[in-house]
Amino acid sequence: RKEFIKDLDTLPFPALELYEKEKYKVSSAIAKKNPVAWVETSRGCVYGCVYCNKSCFGRTFRTKSPERVVEEFIRVKNQGFKEIHLTDDGFTTDIERAKKICDLLIKKRVNINWSTITGIRVDRVDFELLKKMKKAGCYRVYYGIESGNQQIINNIKKGITLEQVKRAVKWAKLAKLEVAGYFMIGLPGETKKTMQETINFAKKLNLDLAKISITIPLPATEILN
Numbered sequence: 006r007k008e009f010i011k012d013l014d015t016l017p018f019p020a021l022e023l024y025e026k027e028k029y030k031v032s033s034a035i036a037k038k039n040p041v042a043w044v045e046t047s048r049g050c051v052y053g054c055v056y057c058n059k060s061c062f063g064r065t066f067r068t069k070s071p072e073r074v075v076e077e078f079i080r081v082k083n084q085g086f087k088e089i090h091l092t093d094d095g096f097t098t099d100i101e102r103a104k105k106i107c108d109l110l111i112k113k114r115v116n117i118n119w120s121t122i123t124g125i126r127v128d129r130v131d132f133e134l135l136k137k138m139k140k141a142g143c144y145r146v147y148y149g150i151e152s153g154n155q156q157i158i159n160n161i162k163k164g165i166t167l168e169q170v171k172r173a174v175k176w177a178k179l180a181k182l183e184v185a186g187y188f189m190i191g192l193p194g195e196t197k198k199t200m201q202e203t204i205n206f207a208k209k210l211n212l213d214l215a216k217i218s219i220t221i222p223l224p225a226t227e228i229l230n
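The opening position of the sequence shown corresponds to residue 6 in the numbering used here, with each subsequent residue numbered one higher.
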């Protein structure tokens, strides 16, 4: 196993000119405009949810600089892509860095649609950040909520509360962002009652999009052992 790349800014830019852009189309349910490009601004997640495989990046968080991220956005747009989906495990892990990225996108008037499609944590946002994200071109945030039962959330070591979920959704709505929620059923300790609580909680949040997945124990995860 090799050491991690410490400075992600040293990575070359993707050869976007080689892409067959017409093939990079996704459903209108999860994209406003096509074609869509995926952009990585960071690698890794410091949290320890029991269902997550950490065998690639471990529990580290390494980032590209805000300047590098914005340059990548500009290159994507100049190659004819109309939307960006972030592939990060946790774009907002460093809230201040995320704000700097948004400030630069606004300053440089990049003006391209983007979303946090791989999910962000409800405890790693504040209202100021969400407002900046909206102004910088983000139109939808995806939150990893997982369950509507606090004990199940505790069981999976998610480290969030249902009150934080409600607050993060409220802030995003106030910032005029669309809000999507990711949920899982069949988590440790799950019953028919707790699964129904998750469905009821998702409905009460008044989300624009909700996705509920059946839990699959992945290799090298705590949930598998």
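Rather than coming from a laboratory, the hints here were simulated on the basis of the structure. Nothing here was measured: the structure is a model prediction, and the numbers come from that model. Every residue gets a Cβ at the ideal spot worked out from N, C-alpha and C, and that includes glycine. Hints may contain errors.
[Said to hold, decoys possible] Per label pair, the in silico range of CB-to-CB distance:
| no. | residue 1 | residue 2 | range |
| --- | --- | --- | --- |
| 1 | G194 | S60 | 33 to 39 Å |
| 2 | N116 | Q201 | 27 to 33 Å |
| 3 | E72 | K178 | 29 to 35 Å |
[Stated by the list, open to error] Only pairs whose alpha carbons sit at most 25 Å apart, straight line, appear in this in silico DSS-like list of lysine-lysine:
| no. | residue 1 | residue 2 |
| --- | --- | --- |
| 4 | K87 | K113 |
| 5 | K38 | K197 |
| 6 | K140 | K181 |
| 7 | K38 | K137 |
| 8 | K198 | K37 |
| 9 | K7 | K38 |
| 10 | K139 | K113 |
| 11 | K30 | K11 |
| 12 | K208 | K171 |
| 13 | K105 | K181 |
| 14 | K198 | K137 |
| 15 | K216 | K30 |
| 16 | K113 | K175 |
| 17 | K139 | K105 |
| 18 | K162 | K137 |
| 19 | K59 | K7 |
| 20 | K162 | K37 |
| 21 | K7 | K28 |
| 22 | K112 | K209 |
| 23 | K162 | K105 |
| 24 | K171 | K140 |
| 25 | K37 | K82 |
| 26 | K112 | K178 |
Verification of the hints:
A beta carbon spacing of about 25 Å between G194 and S60 contradicts the range 33 to 39 Å that was offered as a hint. In this structure the supplied range 27 to 33 Å is violated for N116 paired with Q201, their Cβ-Cβ distance being about 43 Å. Separated by about 31 Å at the C-beta atoms, E72 and K178 satisfy the suggested range of 29 to 35 Å. Note on K87 and K113: the hinted pairing holds, with a Cα-Cα distance of about 17 Å set against a maximum of 25 Å.
About 39 Å separates the Cα atoms of K38 and K197, which puts this hinted pair outside 25 Å; it is violated. Using a Cα cut-off of 25 Å, the hinted pair K140 and K181 holds, with the two alpha carbons roughly 10 Å apart. Among the hinted pairs, K38 with K137 is consistent with the structure: their alpha-carbon atoms are about 21 Å apart, no more than 25 Å. Distance restraint check for K198 and K37: the Cα-Cα separation of roughly 36 Å exceeds the 25 Å cut-off, and the hinted pair is therefore not satisfied.
Between K7 and K38 the alpha-carbon distance is near 38 Å, which puts this suggested pair outside the 25 Å criterion. Of the supplied pair hints, the one linking K139 and K113 holds, its CA atoms being roughly 15 Å apart against a limit of 25 Å. The hinted pair formed by K30 and K11 fails the criterion: a straight-line CA distance of about 33 Å is larger than 25 Å. Straight-line distance between C-alpha atoms of K208 and K171 comes to about 12 Å, which keeps the hinted pair within the 25 Å bound.
Pair hint K105 plus K181 holds up; C-alpha atoms about 20 Å apart against a cutoff of 25 Å. A hinted pair counts as satisfied when its Cα atoms are at most 25 Å apart, and K198 with K137 does not qualify at roughly 39 Å. This hinted pair checks out: K216 and K30 have alpha carbons roughly 20 Å apart, not beyond 25 Å. Distance hint between K113 and K175 is unfulfilled; the C-alpha atoms sit about 29 Å from each other, more than 25 Å.
Among the hinted pairs, K139 with K105 is consistent with the structure: their alpha-carbon atoms are about 14 Å apart, no more than 25 Å. Straight-line distance between C-alpha atoms of K162 and K137 comes to about 30 Å, which puts the hinted pair past the 25 Å bound. For the hint pairing K59 with K7, the CA-to-CA distance comes to about 15 Å; that is within 25 Å, so the pair holds. Straight-line distance between C-alpha atoms of K162 and K37 comes to about 34 Å, which puts the hinted pair past the 25 Å bound.
Taken as a hint, the K7 and K28 pair is broken in the structure, with Cα atoms around 34 Å apart against an allowance of 25 Å. Proximity of K112 to K209 is assessed by CA-CA distance (about 37 Å); at most 25 Å being required, the pair is judged violated. Only pairs whose Cα atoms come within 25 Å are accepted, and K162 paired with K105 is rejected, the gap being roughly 30 Å. Under the criterion of a C-alpha separation no larger than 25 Å, the hint pairing K171 with K140 is consistent with the structure, at around 22 Å.
Between K37 and K82, the direct Cα distance comes to roughly 15 Å. Compliance with the 25 Å bound is thereby established for this hinted pair. Restraint check: the Cα-Cα separation between K112 and K178 comes to about 24 Å, which is no more than 25 Å; the hinted pair holds.
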